[in-house]
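*Asks:* Residue-level listing of the chains:
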Amino acid sequence: MKRTRLLARVILASTVVTTAIAGAMTDGYAVVGRTPTILPAAIPSTSHYSVAEEHSLGTSYSGLTATRSDGPFTISSGSNCSNIYVTPVVYQTEWARFPSSSPLGSGWVEIGTAHRCSNDTKYWYWGYGYSAWYELGHSGPVSAVGHAFTLKRQGGSQWHMIVDYTDMGYVDYNGNVMTANVLQAGLETYDVNAVIPSHTYTSLRYTVNEGSWIYWAGFDGWSIDPGLCGGWNTASTWRAAENSSC
Amino acid sequence: MWGMEYSINLASCGEFIMLKLSRSTILIVLASAAAIVTGCAGSGTDQAVIRPPANTSTETDAAVGSPQAQTACHDTAQPFLAGMGTTSSLILARPTTVGQLVSWQQTRQGPNGPSVRSQWASHNASQKLTFCLFSGSYAAVMAPPGESLPDYTRAAVIIGDSDGPAIEYLSHDNDGPETPAPAAVGS
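Residue numbers (my numbering), protein chains in the order written: chain X, 45 to 290; chain F, 3 to 189.
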């Protein structure tokens, strides 16, 4: 039901945006700075997102990669700064999501950066959702520099979490080939007072059947909640911000 | 799945654990208990005692785990959870090792479930850890867009000798790992 609502929202937003930016498109790319403001739906939630999505190929995806900088952001003050689950917290993250028709049912794999406390303590984290959430590791504090964050299936059933060229860990679905139907990357915030300047998720790419990397091209979908903004710089670059202009 | 409940007293290991078990896993747990008792035999003659189902309303701290593990869980893990939600009780406090943790991570979700290579795989297998399992209400972070989850009701925390505490998993009452904790190693 929730998924249906999300898709409905995306379709509605797509219609609005397609109409609005028809004149701003050039060779399939939205012109930077002219992507219209997308009016978000009012979703009662403690989490808020500014997320880009790739899904046009259906249940076909075996990898997702995005390049981005780890902030710096301005986060509300807090204690326990190394606990990446304590709010207020802001995540730069990405997901590869599996449909309920998957051999082991629905779920997701995830890798990202958690930002906490007023000094913006930053930790990488990686793990998977399989009904519950399982952390496979975290690392930090890290600096506000750029890295490639990758979720990649190898050997059919293993989904690896990778930062640049370092394999941080994996979940092995026990010989079951788990193929994603939705890839998402962007900002997830649990801090309504955070000030996140506009930043980008670039070189958004996917793989199919564990093949070569392919740039996103379809502006497939997005999700932008109140307090955040977002937009496409190109079909493979998403920008996001919170309490700041995009 | 959670229909039967037994308490297993492993006094020789300095621990008293309580597990909620399905019929299908009873044999596995009995085998595990036997193995643990065997491992502890050198330190005494205590035997594992299978007790009737515990009455949770009269559950005592002794049913949770060894005093040392409980202290670590209360003093280190529970404050670590502060800010994630409300912790209502410590369900399990267990001394273990990296080796046992990594082994458990391969099998915790049953014979057909996922296994993992976690960050712990690069640690010394003999490194001592404390495993803490709490019940409470914890914010359901880590949900993808559109996947609004109810708050988690279980939080598993690992405490290392030299490492700070870390979340191992966050689950609801009925969707956590089939085996909720790694095997105990004498504290």
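Keep in mind the hints are simulated off the structure, nothing from the lab. Check each hint, because a few of them may be wrong.
As the list claims (entries may be wrong) - Reference listing, derived: stretches of chain F covered by chain X, where coverage requires no fewer than 3 residues with Cβ under 8 Å from a Cβ of chain X:
no., segment
1, 84-91
2, 96-106
3, 115-121
4, 128-137
5, 173-182
Said to hold, decoys possible - Derived Cβ-Cβ restraints for the label pairs, each shown as a range:
no., chain 1, residue 1, chain 2, residue 2, range
6, X, S247, F, S90, 22 to 32 Å
7, X, T103, F, P113, 17 to 27 Å
8, F, A123, X, A192, 14 to 24 Å
9, X, G184, F, K130, 16 to 26 Å
10, F, D165, X, S145, 36 to 46 Å
11, X, S242, F, T73, 25 to 35 Å
12, X, D208, F, A123, 12 to 22 Å
13, F, D165, X, D208, 32 to 42 Å
14, F, Q70, X, E254, 41 to 51 Å
15, X, S100, F, A127, 26 to 36 Å
16, X, G184, F, Q129, 36 to 46 Å
17, X, S289, F, A123, 40 to 50 Å
18, X, S247, F, S91, 45 to 55 Å
19, F, Q70, X, S289, 29 to 39 Å
To be verified - One side only, chain X facing chain F, incomplete, derived with CB under 7 Å:
no., residue
20, G184
21, Y217
22, V221
23, C290
Small disclaimer: the values here were computed from a predicted structure and weren't measured. Yeah, the Cβ is synthetic: ideal placement off N, Cα and C, and Gly gets one too.
*Asks:* Using the Cβ atoms, figure out if T103/X sits within 17 to 27 Å of P113/F.
*Replies:* Cβ of T103/X to Cβ of P113/F: about 25 Å, so the range 17 to 27 Å holds.
*Asks:* Establish whether the coverage given for the segment 173-182 of chain F by chain X is satisfied; the threshold is a Cβ-Cβ distance below 8 Å, and no fewer than three residues must meet it.
*Replies:* Since three or more residues must qualify, the claim that chain X covers the segment 173-182 of chain F holds, with 5 doing so at under 8 Å.
*Asks:* If you count the residues of the segment 84-91 of chain F with a beta-carbon closer than 8 Å to a beta-carbon of chain X, do you get 3 or more?
*Replies:* Check passed, 3 qualifying residues.
*Asks:* Between S289/X and A123/F, does the beta-carbon spacing fit 40 to 50 Å?
*Replies:* Given about 44 Å between the Cβ atoms, the range holds.
*Asks:* Has the hinted range 41 to 51 Å been met by the Cβ atoms of Q70/F and E254/X?
*Replies:* 47 Å Cβ-Cβ, so the 41 to 51 Å window holds.
*Asks:* Taking beta carbons only, do three or more residues of the segment 96-106 of chain F come closer than 8 Å to chain X?
*Replies:* With 0 residues close enough to chain X, the hint is violated.
*Asks:* For the hint 45 to 55 Å, verify it against the beta carbon of S247/X and that of S91/F.
*Replies:* holds, 47 Å
*Asks:* Given a cut of 7 Å on the nearest C-beta pair, is the interface hint for V221/X held or broken against chain F?
*Replies:* violated, 13 Å
*Asks:* Go ahead and decide if the range 12 to 22 Å is satisfied by the Cβ distance of D208/X to A123/F.
*Replies:* holds, 20 Å
*Asks:* Taking 8 Å as the C-beta cutoff, is the stated coverage of the segment 115-121 of chain F by chain X satisfied by three or more residues?
*Replies:* holds (count 7)
*Asks:* How about the segment 128-137 of chain F: do at least three of its residues have a C-beta closer than 8 Å to a C-beta of chain X?
*Replies:* It is violated: at least three residues are needed, and the segment 128-137 of chain F offers just 0 whose Cβ sits closer than 8 Å to chain X.
*Asks:* Falls inside 16 to 26 Å, the C-beta gap from G184/X to K130/F?
*Replies:* Given about 24 Å between the Cβ atoms, the range holds.
Of the numbered hints stated above, those contradicted by the structure are hints 2, 4, 6, 11, 13, 15, 16, 19, 20, 22 and 23, listed in ascending order.
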